[in-house]
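Protein chains: 2
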Amino acid sequence: MKILIIGGVAAGTKAAAKLKRENRDSDITILTKGKEISYAGCGLPYYVGKLIEQKEQLIVNTPKQFSALTGVEVLTETEVTSIDREKKEVYATELSTGKQNNYHYDKLILASGASSVRPKIEGSDLQGVFYMRTPEDAVSLRSYLETETVKRVAVVGGGFIGLEIAENLLNFGVKVSVIDMLPHILPGYDTEISDYIMDHLSENGIPVFTETKLEAILGSTRVEKVQTNHRTMKADAVILALGVRPNTAYLDGSGIELMPNKTVKVNRQLQTNDPDIYALGDCACVTNRITQEPFWSPMGSSANIEGRLAALQISGESVEYPGVLGTSVVKLPDLNAGRTGMTEADAEKAGYDAVSVIAVLDDKAHYFPGSGNFIIKMIADRKTNQLLGIQVLGKGAVDKVVDIAVTAISLGASLEQLQSMDFSYAPPFSTAIHPIAHAANILRNKIDGTLETVSPKEFVEHQADDYQMIDASASPAIPDADYVDLTKVNGVLPQYPLDSKLLLVCAKGKRAYLLQNRLKYYGYQNTRVLEGGLTFNKQYLIK
Amino acid sequence: MKILIIGGVAAGTKAAAKLKRENRDSDITILTKGKEISYAGCGLPYYVGKLIEQKEQLIVNTPKQFSALTGVEVLTETEVTSIDREKKEVYATELSTGKQNNYHYDKLILASGASSVRPKIEGSDLQGVFYMRTPEDAVSLRSYLETETVKRVAVVGGGFIGLEIAENLLNFGVKVSVIDMLPHILPGYDTEISDYIMDHLSENGIPVFTETKLEAILGSTRVEKVQTNHRTMKADAVILALGVRPNTAYLDGSGIELMPNKTVKVNRQLQTNDPDIYALGDCACVTNRITQEPFWSPMGSSANIEGRLAALQISGESVEYPGVLGTSVVKLPDLNAGRTGMTEADAEKAGYDAVSVIAVLDDKAHYFPGSGNFIIKMIADRKTNQLLGIQVLGKGAVDKVVDIAVTAISLGASLEQLQSMDFSYAPPFSTAIHPIAHAANILRNKIDGTLETVSPKEFVEHQADDYQMIDASASPAIPDADYVDLTKVNGVLPQYPLDSKLLLVCAKGKRAYLLQNRLKYYGYQNTRVLEGGLTFNKQYLIK
Numbered sequence: 021m022k023i024l025i026i027g028g029v030a031a032g033t034k035a036a037a038k039l040k041r042e043n044r045d046s047d048i049t050i051l052t053k054g055k056e057i058s059y060a061g062c063g064l065p066y067y068v069g070k071l072i073e074q075k076e077q078l079i080v081n082t083p084k085q086f087s088a089l090t091g092v093e094v095l096t097e098t099e100v101t102s103i104d105r106e107k108k109e110v111y112a113t114e115l116s117t118g119k120q121n122n123y124h125y126d127k128l129i130l131a132s133g134a135s136s137v138r139p140k141i142e143g144s145d146l147q148g149v150f151y152m153r154t155p156e157d158a159v160s161l162r163s164y165l166e167t168e169t170v171k172r173v174a175v176v177g178g179g180f181i182g183l184e185i186a187e188n189l190l191n192f193g194v195k196v197s198v199i200d201m202l203p204h205i206l207p208g209y210d211t212e213i214s215d216y217i218m219d220h221l222s223e224n225g226i227p228v229f230t231e232t233k234l235e236a237i238l239g240s241t242r243v244e245k246v247q248t249n250h251r252t253m254k255a256d257a258v259i260l261a262l263g264v265r266p267n268t269a270y271l272d273g274s275g276i277e278l279m280p281n282k283t284v285k286v287n288r289q290l291q292t293n294d295p296d297i298y299a300l301g302d303c304a305c306v307t308n309r310i311t312q313e314p315f316w317s318p319m320g321s322s323a324n325i326e327g328r329l330a331a332l333q334i335s336g337e338s339v340e341y342p343g344v345l346g347t348s349v350v351k352l353p354d355l356n357a358g359r360t361g362m363t364e365a366d367a368e369k370a371g372y373d374a375v376s377v378i379a380v381l382d383d384k385a386h387y388f389p390g391s392g393n394f395i396i397k398m399i400a401d402r403k404t405n406q407l408l409g410i411q412v413l414g415k416g417a418v419d420k421v422v423d424i425a426v427t428a429i430s431l432g433a434s435l436e437q438l439q440s441m442d443f444s445y446a447p448p449f450s451t452a453i454h455p456i457a458h459a460a461n462i463l464r465n466k467i468d469g470t471l472e473t474v475s476p477k478e479f480v481e482h483q484a485d486d487y488q489m490i491d492a493s494a495s496p497a498i499p500d501a502d503y504v505d506l507t508k509v510n511g512v513l514p515q516y517p518l519d520s521k522l523l524l525v526c527a528k529g530k531r532a533y534l535l536q537n538r539l540k541y542y543g544y545q546n547t548r549v550l551e552g553g554l555t556f557n558k559q560y561l562i563k
Numbered sequence: 021m022k023i024l025i026i027g028g029v030a031a032g033t034k035a036a037a038k039l040k041r042e043n044r045d046s047d048i049t050i051l052t053k054g055k056e057i058s059y060a061g062c063g064l065p066y067y068v069g070k071l072i073e074q075k076e077q078l079i080v081n082t083p084k085q086f087s088a089l090t091g092v093e094v095l096t097e098t099e100v101t102s103i104d105r106e107k108k109e110v111y112a113t114e115l116s117t118g119k120q121n122n123y124h125y126d127k128l129i130l131a132s133g134a135s136s137v138r139p140k141i142e143g144s145d146l147q148g149v150f151y152m153r154t155p156e157d158a159v160s161l162r163s164y165l166e167t168e169t170v171k172r173v174a175v176v177g178g179g180f181i182g183l184e185i186a187e188n189l190l191n192f193g194v195k196v197s198v199i200d201m202l203p204h205i206l207p208g209y210d211t212e213i214s215d216y217i218m219d220h221l222s223e224n225g226i227p228v229f230t231e232t233k234l235e236a237i238l239g240s241t242r243v244e245k246v247q248t249n250h251r252t253m254k255a256d257a258v259i260l261a262l263g264v265r266p267n268t269a270y271l272d273g274s275g276i277e278l279m280p281n282k283t284v285k286v287n288r289q290l291q292t293n294d295p296d297i298y299a300l301g302d303c304a305c306v307t308n309r310i311t312q313e314p315f316w317s318p319m320g321s322s323a324n325i326e327g328r329l330a331a332l333q334i335s336g337e338s339v340e341y342p343g344v345l346g347t348s349v350v351k352l353p354d355l356n357a358g359r360t361g362m363t364e365a366d367a368e369k370a371g372y373d374a375v376s377v378i379a380v381l382d383d384k385a386h387y388f389p390g391s392g393n394f395i396i397k398m399i400a401d402r403k404t405n406q407l408l409g410i411q412v413l414g415k416g417a418v419d420k421v422v423d424i425a426v427t428a429i430s431l432g433a434s435l436e437q438l439q440s441m442d443f444s445y446a447p448p449f450s451t452a453i454h455p456i457a458h459a460a461n462i463l464r465n466k467i468d469g470t471l472e473t474v475s476p477k478e479f480v481e482h483q484a485d486d487y488q489m490i491d492a493s494a495s496p497a498i499p500d501a502d503y504v505d506l507t508k509v510n511g512v513l514p515q516y517p518l519d520s521k522l523l524l525v526c527a528k529g530k531r532a533y534l535l536q537n538r539l540k541y542y543g544y545q546n547t548r549v550l551e552g553g554l555t556f557n558k559q560y561l562i563k
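Protein sequences, first through last, are from chains L and C.
Counting in my numbering, the first sequence runs from 21 upward without gaps.
Counting in my numbering, the second sequence runs from 21 upward without gaps.
Watch out, some of these pointers could steer you wrong.
It does not matter which identical chain is meant; a pair holds if it fits inside one copy or across any two.
[Claimed, not checked] With a cut-off of at most 20 Å between alpha-carbon atoms, the simulated EDC-like pairs for lysine to aspartate or glutamate come out as follows:
(1) Lys38 <-> Asp468
(2) Lys55 <-> Asp366
(3) Lys521 <-> Asp502
(4) Lys195 <-> Glu223
For the record, the hints were derived by calculation from the structure and aren't laboratory data.
Generate coordinates for the entire structure from the input sequences, incorporating the hints supplied.
Structure, rendered in structure tokens:
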């Protein structure tokens with residue numbers, strides 16, 4: 021059997037190697053536009069920041085090594101221009117010679133990936149304008165930083181690639197700022213979480229400007245300034261991290277069904293509308309596990325899973341890919357952020373009776389050196405208590421909390437099930453009540469009315485403006501708020517009538533919850549706890 | 021309602037606080053033998069090792085603070101001597117005065133915990149003999165280390181408390197050795213995993229002697245030597261970490277049903293055979309989630325879950341505790357170890373058609389600074405592919421892998437389900453193919469015959485003695501083994517007939533698997549891959 025694979029980074033090489041292991045008689049050829057295959061795209065920002073010293077470390081295998089290890093033929097610098105499904109042929113150009121070739125296939129795998137969005141704006145061809153998608157991109161940027169005088173860099177785009185490169189530039193000692201045309205950075209997070217991250221970045225050396233559209237890059241031969249709808253800023257280099265677009269132009273006229281965003285639509289077997297043609301990785305639109313709707317999640321991790329499954333399917337196994345959750349995790353300066361499943365906004369849009377809570381919890385035993393907070397936003401369906409999504413911030417192992425949620429959501433877990441799981445605990449690793457179980461406890465309390473809250477989003481939207489703020493901290497911490505010491509509350513508080521609207525705020529939320537519990541017992545009906553306490557809301561409360 | 025709670029560390033205080041929040045009208049009293057409540061028992065070794073500076077950091081709340089926060093009455097230094105279920109009374113002695121009191125209850129919670137096993141051997145009352153269960157134990161040991169000349173310490177017992185204290189003593193600069201009467205340390209791990217840990221500890225400054233029984237502690241007024249069945253060793257102090265026994269002697273004659281190990285038997289609502297009496301935490305025997313059999317897992321983490329659930333049940337909710345998995349995690353010098361679910365040995369005993377694999381995998385992107393290995397032993401049922409258990413070793417986030425497995429096992433996941441989950445990935449956190457999914461891939465390959473192996477256990481048991489060892493590493497690494505370069509294998513190897521028995525060994529197992537795949541294609545029928553490669557088996561292969 022002749023199998024052609026278009027593209028040779030994650031999905032393509034994984035499928036090729038597995039196909040050859042399943043049947044070494046198969047004739048398998050990778051056609052790829054680039055010089056390299058099988059490179060670590062996710063490592064590029066860390067090469068720029070010199071956490072990874074050598075370019076060679078980013079290359080998992082050279083084409084030659086890969087062929088020797090697997091028996092797969094690799095044709096690099098070979099750009100596919102079109103396919104003919106009738107003849108089962110792929111047409112491609114040898115980039116070094118310009119020669120046109122055609123290649124027959126019995127099965128065809130589209131793993132052509134995605135490319136950086138390249139906006140057509142004035143100055144985008146100046147020296148000092150970079151993208152962050154291929155090893156060449158990273159090598160040119162690092163070389164520019166090492167050889168030119170670069171004091172200020174503007175990163176355009178506040179997605180995770182933009183923020184990763186910003187962190188690494190900061191490590192390089194340059195001044196870096198991030199601009200994004202949208203109102204919030206980091207798509208995939210609810211707005212108040214994005215805002216927290218933005219605030220954190222600005223406090224940690226990376227000012228972020230949202231609702232700021234790049235209009236032009238200015239300079240004579242090299243970048244000198246960037247012009248936005250708000251201001252013109254000095255910059256010695258610009259990184260355009262505006263996201264990616266699928267590489268599927270060669271499919272025009274092929275009859276392969278594309279989504280409106282030009283990704284290739286596939287079924288649960290990763291087949292396109294032509295059963296002999298599969299699509300995988302960044303160029304493919306798979307399924308969202310929760311909504312069962314088409315979902316594009318261009319990530320190296322799912323690309324590998326898809327490569328393996330497609331190889332098995334082509335080799336005669338019957339596979340079914342349940343799809344993705346839009347999981348991601350990103351390291352930022354002194355803060356990690358991870359997410360999976362639905363945001364609260366997504367869940368509402370999808371018609372769920374969504375309920376969420378923001379919980380601030382210890383990430384390991386509070387007395388253990390290096391302990392800190394997790395900020396967990398947990399989203400569930402109020403009717404079924406099914407876990408729908410999670411967003412986690414913290415200096416520590418946010419990926420752990422996210423991966424537990426991935427497992428739980430994939431298996432349809434309810435909050436109750438999470439609450440009583442026998443998670444691992446020892447002081448260097450976690451807390452006696454596991455943070456994710458703790459968050460589930462709090463969300464259950466909110467669902468059943470044991471805990472009544474104002475969320476940070478509601479707070480910012482002025483929904484608590486008619487509430488009097490009460491500082492419920494262990495010792496007074498909020499200027500201009502009345503202080504109430506929980507341990508001294510043993511009846512109605514003379515200064516507050518029972519119908520007072522009281523917003524209870526403490527460091528993280530726990531002591532305010534205990535105070536609410538006690539006040540309710542003594543007859544107060546209108547108390548609310550500010551979710552996330554001072555820790556999450558300091559951006560709004562103390563400036 | 022009058023609720024008495026016997027015991028005030030984890031389960032007791034959790035139940036008390038939650039009960040009071042559910043109904044502040046309840047009259048709730050904790051009776052506890054010790055001076056402190058609510059202390060961080062799991063932190064004691066780290067206090068000894070001075071990672072935790074102050075004793076006060078171990079105390080979550082003093083009795084006074086706890087009462088002020090919760091409204092619960094706490095009677096410390098009050099030892100319960102018996103209970104009368106007819107009269108619904110508890111009898112207790114005030115330890116400071118010797119006075120006997122009786123206390124009425126409507127509901128009674130037994131959360132009396134467990135105590136160190138104290139063997140009756142010669143010399144156990146000498147100065148310099150310590151246990152590790154209460155804050156007093158930790159304070160006396162640290163004080164002894166600081167004031168006396170202590171050069172050598174013998175830790176008796178190779179469970180996780182023993183090993184944690186050994187690591188912390190090492191940090192203190194003393195020579196420490198561990199002796200254990202059993203053939204393997206760390207119950208809960210399969211023997212080859214325990215052996216790896218033992219080997220690692222010995223290489224990292226903590227010699228471990230198994231099948232070594234403490235016979236006497238020798239010295240005039242203070243410890244000078246320990247005498248075992250094998251040898252007499254110098255020691256300036258001895259830590260007896262021989263495990264714990266439930267504190268349930270006061271239940272003799274009460275008619276409360278105990279297990280053979282003297283723990284209290286409870287149902288899924290945490291009730292004893294007397295529906296007005298509950299038992300929680302270290303003194304209770306709950307259920308194993310997988311086997312549904314009674315299971316004792318005296319851990320602070322499950323104690324907290326049980327405290328919360330019992331409080332809800334008593335408050336009128338209908339709860340059901342599905343039980344534990346025997347999860348644990350421990351930090352050792354330069355190695356973490358975690359486990360959950362069944363060991364392979366347990367699974368076989370329980371009648372499963374158990375299948376397992378040992379996989380050595382990157383714990384994060386191999387090119388990222390600080391990356392290392394996970395050694396994962398994954399156990400499943402061959403018939404259903406249900407995940408049954410996991411054991412994980414590594415310098416990094418073993419707790420993450422364990423917690424994913426906890427979630428998966430609790431929800432009845434199969435290996436297939438794990439293989440295609442959308443776990444979080446970025447180079448600082450994980451690998452593109454998540455280690456737990458990777459391990460599941462390998463185990464599936466073993467189950468379906470794509471991978472044929474010799475496990476380390478089989479290797480040690482001489483089951484591969486008639487195989488010729490082939491070094492399949494990227495470059496020769498095993499003395500006295502033939503070297504075969506995978507990339508040059510393109511047909512039958514002249515030096516090996518097709519019926520040769522070949523044991524393929526590489527660094528971690530992957531390259532040996534690729535070589536096996538290729539040799540099978542060329543007609544070899546008797547190849548085996550050594551699971552875990554040199555990394556896991558160096559203890560057996562290179563000495």
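Hint check, failures only
Hint 2 alone not satisfied by this model.
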